[in-house]
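K.L.:
Using the sequences and the accompanying hints, generate a full structural model.
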Amino acid sequence: DLRHLLLIGAYRDNEVDTTHPLVRKLNAIRQARAAVQDIVLTPLGRDDLGKLLVDSLHCQRERAAPLAGLIHEKTTGNPFFAIQFISTLADDRLLTFDHSARRWVWDLLRIRAKGFTNNVAELMVEKLKRLPPETQKLLQQFACMGNSAEFEMLRIGYDGSVDVMHGHLREPVRSGLVFRAHNSYEFVHDRVQEAAYSLIPKELRAEAHLRIGMLLAQHMPAEKREEAI
Numbered sequence: 001d002l003r004h005l006l007l008i009g010a011y012r013d014n015e016v017d018t019t020h021p022l023v024r025k026l027n028a029i030r031q032a033r034a035a036v037q038d039i040v041l042t043p044l045g046r047d048d049l050g051k052l053l054v055d056s057l058h059c060q061r062e063r064a065a066p067l068a069g070l071i072h073e074k075t076t077g078n079p080f081f082a083i084q085f086i087s088t089l090a091d092d093r094l095l096t097f098d099h100s101a102r103r104w105v106w107d108l109l110r111i112r113a114k115g116f117t118n119n120v121a122e123l124m125v126e127k128l129k130r131l132p133p134e135t136q137k138l139l140q141q142f143a144c145m146g147n148s149a150e151f152e153m154l155r156i157g158y159d160g161s162v163d164v165m166h167g168h169l170r171e172p173v174r175s176g177l178v179f180r181a182h183n184s185y186e187f188v189h190d191r192v193q194e195a196a197y198s199l200i201p202k203e204l205r206a207e208a209h210l211r212i213g214m215l216l217a218q219h220m221p222a223e224k225r226e227e228a229i
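Taking this note's numbering, the leading residue of the sequence shown gets 1, the next gets one more, and so forth.
Incorrect hints may have been included.
Below are the BS3-like pairs computed for lysine-lysine, each with C-alpha atoms no more than 27 Å apart in a straight line [what the hints assert, rightly or not]:
1. Lys137 with Lys202
2. Lys114 with Lys127
3. Lys114 with Lys129
4. Lys129 with Lys51
5. Lys224 with Lys114
6. Lys137 with Lys127
7. Lys127 with Lys202
8. Lys51 with Lys127
9. Lys74 with Lys129
10. Lys51 with Lys74
11. Lys74 with Lys114
12. Lys127 with Lys74
It should be emphasised that the hints constitute simulated quantities derived from the structure, not laboratory data. Here the structure is a predicted model, which is why all the values come from computation and not from measurement.
P.N.:
Shown next, in the form of structure tokens:
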């Protein structure tokens, strides 16, 4: 009876093989003669990044091209990392608004001299290290729990109140590193989770996992424990 429905899904094809439930479901949908269209998303090219900068900085494409080339070189065109790299330039005041000239300005030589890494994981780590210590500590605990965690679950291993916890996570949400839903937080990209996890010294990681596991077991009703495990 439902005639007008559009479903849009996203997945990484390198993580899904022919036996994966998603592939089997898509094949079943095709066999039912429903319209299925695959759209392959590739990394952004230099021209794409140039258009992004033209729209964001309100400048001419010729002026944006060299900066677009540098961003492509550092991020290989990954949209998430490109946007994070641009925001890092702004944070470091390597990309600023000149009020007298009424335009955005940057210096490629200064940006290159800064020595930004081509390793996106390291870029994320540096981004997280700029956050307040309490926020970093909370994100480390969050990373141990997985890609997402409900407020109450995250609150279990945190000493402060729920309101204080939300306050500490406000900046990573604003920066586009963490997404806040109505009752949970989620890392927007697995590399952000990896970066947060890497901030925990290796010799302390087992202890961190044990502490969180003990707290979860302590606060979880017995009838829900088996499912949670």
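K.L.:
All the hints need checking, so say for each whether the structure fits it.
P.N.:
Hints, verified against the model:
no.	hint	result
1	Lys137 with Lys202	15 Å, holds
2	Lys114 with Lys127	14 Å, holds
3	Lys114 with Lys129	17 Å, holds
4	Lys129 with Lys51	30 Å, violated
5	Lys224 with Lys114	51 Å, violated
6	Lys137 with Lys127	14 Å, holds
7	Lys127 with Lys202	20 Å, holds
8	Lys51 with Lys127	25 Å, holds
9	Lys74 with Lys129	19 Å, holds
10	Lys51 with Lys74	17 Å, holds
11	Lys74 with Lys114	13 Å, holds
12	Lys127 with Lys74	15 Å, holds
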